[in-house]
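**Q** Okay, here's what each chain looks like letter by letter:
Protein chains: 4
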Amino acid sequence: MRTEKARMNAPRTRIGILTGGGDCPGLNAVVRAVVKAAAKRGWETLGILGGFNGMLAPVRTMPLDYQKMDGLLTSGGTILGTSNRGPFAAKTGLGNAHEIPAEVIAAAKASFEALGLKALVVVGGDGTLSIALQLFRHGMPVVGVPKTIDNDLEATVITFGFDSAVACATDALDRLHTTAKSHDRVMVLEVMGRYAGWIAISAGIAGGGDVILIPEIPFRYDRICAQVASREKSGKRFTLVVAAEGAREAGGEFVTQDAPCGDRETRLGGIGAVVAEEIAKRTGKEARVCVLGHLQRGGGPTCFDRLLCTRFGAAAVRLIAEGGFGRMVALKPPTTVSVPIEQAVGRLKTVPVDGDLVQTARDLGISLGD
Amino acid sequence: MRTEKARMNAPRTRIGILTGGGDCPGLNAVVRAVVKAAAKRGWETLGILGGFNGMLAPVRTMPLDYQKMDGLLTSGGTILGTSNRGPFAAKTGLGNAHEIPAEVIAAAKASFEALGLKALVVVGGDGTLSIALQLFRHGMPVVGVPKTIDNDLEATVITFGFDSAVACATDALDRLHTTAKSHDRVMVLEVMGRYAGWIAISAGIAGGGDVILIPEIPFRYDRICAQVASREKSGKRFTLVVAAEGAREAGGEFVTQDAPCGDRETRLGGIGAVVAEEIAKRTGKEARVCVLGHLQRGGGPTCFDRLLCTRFGAAAVRLIAEGGFGRMVALKPPTTVSVPIEQAVGRLKTVPVDGDLVQTARDLGISLGD
Amino acid sequence: MRTEKARMNAPRTRIGILTGGGDCPGLNAVVRAVVKAAAKRGWETLGILGGFNGMLAPVRTMPLDYQKMDGLLTSGGTILGTSNRGPFAAKTGLGNAHEIPAEVIAAAKASFEALGLKALVVVGGDGTLSIALQLFRHGMPVVGVPKTIDNDLEATVITFGFDSAVACATDALDRLHTTAKSHDRVMVLEVMGRYAGWIAISAGIAGGGDVILIPEIPFRYDRICAQVASREKSGKRFTLVVAAEGAREAGGEFVTQDAPCGDRETRLGGIGAVVAEEIAKRTGKEARVCVLGHLQRGGGPTCFDRLLCTRFGAAAVRLIAEGGFGRMVALKPPTTVSVPIEQAVGRLKTVPVDGDLVQTARDLGISLGD
Amino acid sequence: MRTEKARMNAPRTRIGILTGGGDCPGLNAVVRAVVKAAAKRGWETLGILGGFNGMLAPVRTMPLDYQKMDGLLTSGGTILGTSNRGPFAAKTGLGNAHEIPAEVIAAAKASFEALGLKALVVVGGDGTLSIALQLFRHGMPVVGVPKTIDNDLEATVITFGFDSAVACATDALDRLHTTAKSHDRVMVLEVMGRYAGWIAISAGIAGGGDVILIPEIPFRYDRICAQVASREKSGKRFTLVVAAEGAREAGGEFVTQDAPCGDRETRLGGIGAVVAEEIAKRTGKEARVCVLGHLQRGGGPTCFDRLLCTRFGAAAVRLIAEGGFGRMVALKPPTTVSVPIEQAVGRLKTVPVDGDLVQTARDLGISLGD
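Chains as they are written, first to last, in the numbering used here: chain A, 233 to 602; chain B, 233 to 602; chain C, 233 to 602; chain D, 233 to 602.
Among the clues, some could well be false.
No distinction is drawn between identical chains; accordingly, a pair holds when it is met within one copy or between any pair of copies.
Here are the simulated lysine to any residue pairs, SDA-like style, with alpha carbons at most 20 Å apart [unchecked claim]: (1) K465 with R273; (2) K564 with D588; (3) K564 with V389; (4) K564 with T582; (5) K300 with I311; (6) K272 with R463; (7) K350 with G558; (8) K564 with G587; (9) K350 with G556; (10) K350 with M294; (11) K564 with I390.
These are calculated hints, taken from the structure and not from any lab test.
Pulled out of the complex, with its shape left as it was, chain A reads as follows:
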C-alpha cells in the first residue's frame, strides 16, 4: 500500500536542456527529439532559457510539453533562446579554454539542484561544450549535442546545422552564377568559416565555384587572377569566388576582427569586399561582393539536418539513461555514437589540405588561390 502510494507520488525524472552560442538550423529539432524521447521514458523536460545564463539568477525556464512540439522539427532558430555573453562567456576560441569563475559554477549547480534536474542536455559548439565540460568536472551530469554551422568540431564526422548552411551558400552561388554570367563579372561570395573552410569548400564545389579561398590555404592574388585570366581565355568571361570569412592572403593577416566566443559577426567590409576590390583592380573586370552573413544561420534545417538532429536528440536521451555523463553524441556513419566531450573541444577540425575535398577541387580545375 505504502509502496504503491510512494510510487504514485514519486516525482517524475526531470531533465533540462539548453542551447548555447550562435543559433543555427536544427536547434529546435534537437529540442523536440529530446523532449519526445524523454517523454517516451516517462521523463519530463525543462527548457533553460538564454543558454547557460538561464541557470543564473534570475533563473529562466520553460516547461516543454511533449504534446506541444508541433512545428519544431522544421523551424529555424531556438525556442529556448541562446546567449553569447554573460558570466560564462570569455575569449575562448582556438583552443584557449578559460576558467569559469567558481561562484558562477556554484550558482549553476545550485540552480540545477533547485530545478530538480537529473541531467542536463547541452546543445552547442566549442564554446558552449567547453562550459559543459567544466560543469561536468564539477559534478554536474551533462551530455552534449554538437552544433556548429562551421563543422569545425572534432570527434564527430559532422555537426548539425552544417548541411543547412552549405545549402544556403550553394543556393546563393547558384544565384550569383547566373548574374555573373549575364554581366561578365567576377562575383565574390563571403561565407562563414573563421578558422575552418568547410562551408566554403563544400558549397564552392557543390555550387560550381571557380576559386575557393579557405583559412587553411593562404591565397595569393596573382593565383586568383590567373584563374580569372585562364577562364577568360577559354571563353568564360565570368568567375565565381567563394571566400571563407577567415581566408587570408599568404603572409597576410585576418581581415575579420576578434570577437567574444560565439559572437562572430560577418562584417560587411570583410575579406570578401577586400578580395573583390583587389581582383577588380588587377584584372580590370567588374567585381561584386555578396556577404551571406546571418542568412546562413537562419531558416529551417534541411531534411538531412532534420534527421541528424532527431537522431542526436534521441541518442542524447539514451546517453542519459546509460549514465554516460561528460560525453557527447556524435555521428560516426552509419551510426551515432558517444565520445567524451573533452575529445571535441579545445581544438579545431580544419579542412585537411591534402584531403579528399581539396583534392576534388583541384581535380576539377578549381583554384584554391595557392
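Start from chain A and add chains B, C and D according to the hints.
**A** Using the frame of chain A, we list chains B, C and D on its own:
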C-alpha cells in the same frame, strides 16, 4: 510556277531579340517563348548579344534554334548577355530621357538592315525601353517586353522578375526572422528599390516584417525606435526591418549614390547599415544588417514569372504579326494587352502612399517609419 | 463618471472567423491578418472550429490572441480546421445552390448571438461562400474571403491558394521532365481542376508541358498521339502531359466521380492513368502517370499567396468596419476591392478557350488535345 | 625528332562513361566531374548513350567537351540516357546475378576497342554494376560509381541520389502533414524502397511521420491502428503513415509485382493504397494515399548530392589513373575510398532492425507497425 518557286526560295522572316539593363530572373524564359512562338509561324529568331551594343560594330549575334531552347524556361540570367554601358547608355533614370547620338542610331539601323531583321523584340526596363522608343521613332520596328525586378515601370500591372525578387527577399526575411528571434536582435534587410519600394513592401508584408522603409515614405528614427520599444513591451524582443535601398530619413538624402542607368549596385555601406547602426545606438539593442544585393537578381524565375514571361514572349510575337510596333506587351489581369512604349517610360510607378499595400501594412501594425 | 465606467466596462467588439471546404495554402495567413487587423482596431477575434459545423451544437471555438499568431503566415493547413460534411453540406457544385434547412440556419444564428459576435469572416470557396450568402440573407453580418486552389471562383482575378498549387504542380513537372527525358518516356501528371483547368494550363505552360488537357477543351487521343509523334520526329523522344482531373475525351464523360461539395478527392485510377494507358497502347511508348493529389493542397503558401492572404485578411476587416456585409474581398489588380458574394458563387470561372492562356499555349506549340 | 612528332600525334587518352538503370538526381553531376577531372589530366571523355546498350550495334556515343558542362551540376536526369532493357538486362535483383551471354560481352569489348577507350566509368546501381563486374572479369578496365536512390548498395555508407530522394519524400510529408491535420485524416505516403526501407525511415523521421512501414519489419494492422487510436486519445486527430513500396504485412506478401532489374515502377494500386484502405476500414477515419513515384527520381540533386557526385566523379578518374580497375568509389566519411565492385553487388544493404535509425524512430514514439 514562278510564284511557287519564288515562295519556296523566299527568305524566311527573321526577327531579332535582345535583353538590356540589369539581368533578372525570367529573361531566358522570354527568349524561349519568343523563339518558339516565332518558329510556330515559320519565322527564325536571331539573338543580339550584349544588349543594344551588340548592334554596333562589331555586331554580335547568336542564332536561336527553336529546338535548342532546353533549360531556358527555368534558368536565371540571360544567354544573350546584357549591357549597362556603351554608346546607348546615359544618365536616364527618373524620367530624364536623353538623346541617343544620331550616328549611333544610324549604326543600329544599318545593322538591323544588314541582319535582315523584320522586327526587334526589346526586353528591358525603363532605360532599355527608352532606347527602343527612340529607335522606333527613327523607323525601326520594335516591340517591347517590360522587365524590372523593381516593378517600377508604368503601364503594366506587373513586370517579370519582380515576383522572383520578392520571393528571394521573403525567403531572406524568413531566415533572418528565426535568428533575430533566437538572439533578441534587430535585423535590417536591405533590398532593391532605389526609387520605388515595391520589393520592400511586398516582401515586408509577405515575410512578416515589423518595419518597412520605402522611398515613397521618408522615415523618422524615433518612429522606428518606437516600434522596437512597443514590441519589446509586448514581449517580442526582436524586430525585423526591411529597407529599400532608396529609403531615406525625412528631410534626409539618398544614401546610395547615383549611377548610370541600370548599373545600380547595392553598396555594402548603404542605407541598411546606416539604419541598423542608428537603431543600435538609440535602443541599445544589438542590430545587424544583411544586404541582399545581387542575390535578388540571380537564380531561376518563380513559376509565376515563368508563366508571365512565356505569356509576354508569345504576346510579343503576336504583336509583331499584327504590326504593333512601338508598343509593349503588358499585363492587365486576367489578360495580356499591348500599350504604346511611351506610356511606360520616362516616369516611375511608385507605391501609392494611400494604396492597398501601404494600408495593409498599417492595418497589421507594421510601421512605415512615419 | 458613469460614462467613464461604462466605457471601461463596455465589451470589446468581437468578430468570428471560420475556414470551410478543402484546405489550401494560405488559410492560416488569412486568419493571422484578420486577427492582427482586428486587434489594431481594438477588436477581438474568435475562431470557429471545423467550418460552419463549429457553430452548431456542440459549438466549438478558439480564442485567437493577436500576440500568438507566430508561424501562421508561413504554415499550411488551417488551425481552425475545416469540414466538408454535416448539416450545411449538400450536393452543390456547378451552380446548383441548395437550401440550407431553416433549423440549421436558426441554430447558426443563435450561436452567433450567443458568442457575442458582431460579424463573421467566412473563408472558403464556392460551397462555403454559398452558405455564407444564405446566412447573410437571413440577417447574419458576414464578409467573405475567396479561397480555392482551383481559381474557379468568379468576381476576383485570383483566389489565394492557387499560386501555391501551381507552384507545386510546376515543381512536379520539372521533376518529371528530367526522368521522362532520361528514359524516353511519356509522363502524365494529373493535377486538380474538376471543372476548370486553371492549374493544368498555368503549370503546364510554366513547367514546359507538351500536352495540356483541361475540362474546357475536350481532347482526342489521335491529337495527343500526333503531338508525341511530332516530337519524336524532331528528336525529342519524351513527352510531358498535364491533365486536369476533369479533363475528358471529346464525346466522353468525366472519369472522376461526383462527390459532395468540397470533398473532391483525386482517385488513383482517374483520368491521368486512363490517358497514360491509352497513349502507351497507341504509340507503343512507355507511359507513366503521377497523380499529384493532396500534395497540391498541402504545405505553406508561396510568397505571392502570403502577400495576397494578408491583403485579403486586412481588407476583410476594413469591410466589416465599413459595414460591407454580404460582400467578399477580391483582387482587381493592382488593388483589393469588394464585391457582392452573390457575384462570386453559383457559377464557375473557367479558362476562356480563346483567351490569353490558351493562345499562349498554342503559340508555343503545346497541344491542347483538340 | 621522330619521337617528338610521334608524341604530338599520339592520340589523347580517351575514357568512356555511361549511366545505367533508373535515373536519379546527380547523374549529370557525376558526368560533369568525370569529364572535368579527365580534362585536367589531358584526357578526353566519350559518353556512351543509353546505358550498356549504347555499346552494342548501333553504337551510340556523344563527345563530352569539358567546356560545355554548363548546367550539368544542377540538372536532373542524365544527358547520356539510360536503359533498363535489352541484351544486358535480366531478372537480377536480390543477389540473383545472371550470366551475360558471351556474344554480348564480346560485342561490348569490341566496341570498347573500336572507340579507343582506355577505361570505362560505369555509373549505376546493383544491376548495372553487376554487368560492369562481369565485363571487368572479361578484361575490360572499368571503374564504378554507386548510384541508387534507395541507398541499398553495400560497401558505401551512402549512394548519391538518396539524399535527394529523401528530401523529396520529406517535402511531401510536410505537405501532407498540414492537410492531414486540417481535415483530421490519415494520410499514407508511399515511397520507393522495394527491398530496403532507407527512404521511408529517413524521410519518415525527418518529416515527422507517425507510422513508418519498411520491408525489413513486417507490419500488423492492429499495431498501426493502435497508433492511430493512441494519437486520437491524446488529441491528435490525424496520422501520417510512410510506407516503403516493399512494406508488407507480417505473414503477407509483397503487393508490388516483380519487374526486370531497374524497371521497378511504383504502381498506383500498391501497398500505400492497400494500407490506407485497411486503416480506413478498421478505424472509421478518412484515409488518403499519395504515391510519390517518379517525383522521387526527378529534379535536380540536393547540394549534398551535388557535392557527393562531384567527389565521386573526381575519385573515379583518380581510380583510373591509379589503375584501380574492377573497383568502385565509395564514401567512408569523411573521405572517399575505393572498394572492389564485387563487395557492393549481389547483396542488399537493408536497414538494420536494431540499428540507430530504427531505435531513433522507436525512441520518438513512432510506430514501425510491429
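**Q** Are the hints correct? Go through all of them and say.
**A** Now the hints, each set against the structure:
1. With identical chains, the CA atoms of K465 and R273 are at most 20 Å apart between copies only, with a shortest distance of 19 Å across copies and 65 Å within one.
2. Proximity of K564 to D588 under the C-alpha cut-off of 20 Å is found in both arrangements, the shortest distances being 18 Å within a copy and 11 Å between copies.
3. Taking the closest pair of Cα atoms, K564 and V389 come within 20 Å of each other both inside a single copy (6 Å) and across two copies (10 Å).
4. With identical chains, the CA atoms of K564 and T582 are at most 20 Å apart both within one copy (17 Å) and between copies (18 Å).
5. When the C-alpha separation of K300 and I311 is checked against a cutoff of 20 Å, the pair qualifies both within a copy, at 12 Å, and between copies, at 14 Å.
6. For the homomeric pair K272 and R463, the shortest alpha-carbon distance between copies (14 Å) is at most 20 Å, but the shortest distance inside one copy (58 Å) is not.
7. For a Cα distance limit of 20 Å, the shortest separation of K350 from G558 inside one copy, 14 Å, qualifies, whereas the shortest one across copies, 55 Å, does not.
8. Within a single copy, K564 and G587 get their C-alpha atoms as close as 18 Å, and across copies as close as 13 Å, so both meet the 20 Å cut-off.
9. In the homo-oligomer, the alpha carbons of K350 and G556 lie at most 20 Å apart inside one protomer (13 Å), although the nearest pairing across protomers, at 54 Å, exceeds that limit.
10. Proximity of K350 and M294 under a CA criterion of 20 Å is satisfied intra-copy only: 16 Å inside one chain copy versus 37 Å between copies.
11. Both within a single protomer and between protomers do K564 and I390 lie at most 20 Å apart by alpha-carbon distance, with minima of 8 Å and 13 Å respectively.
In summary, this structure violates none of the numbered hints.
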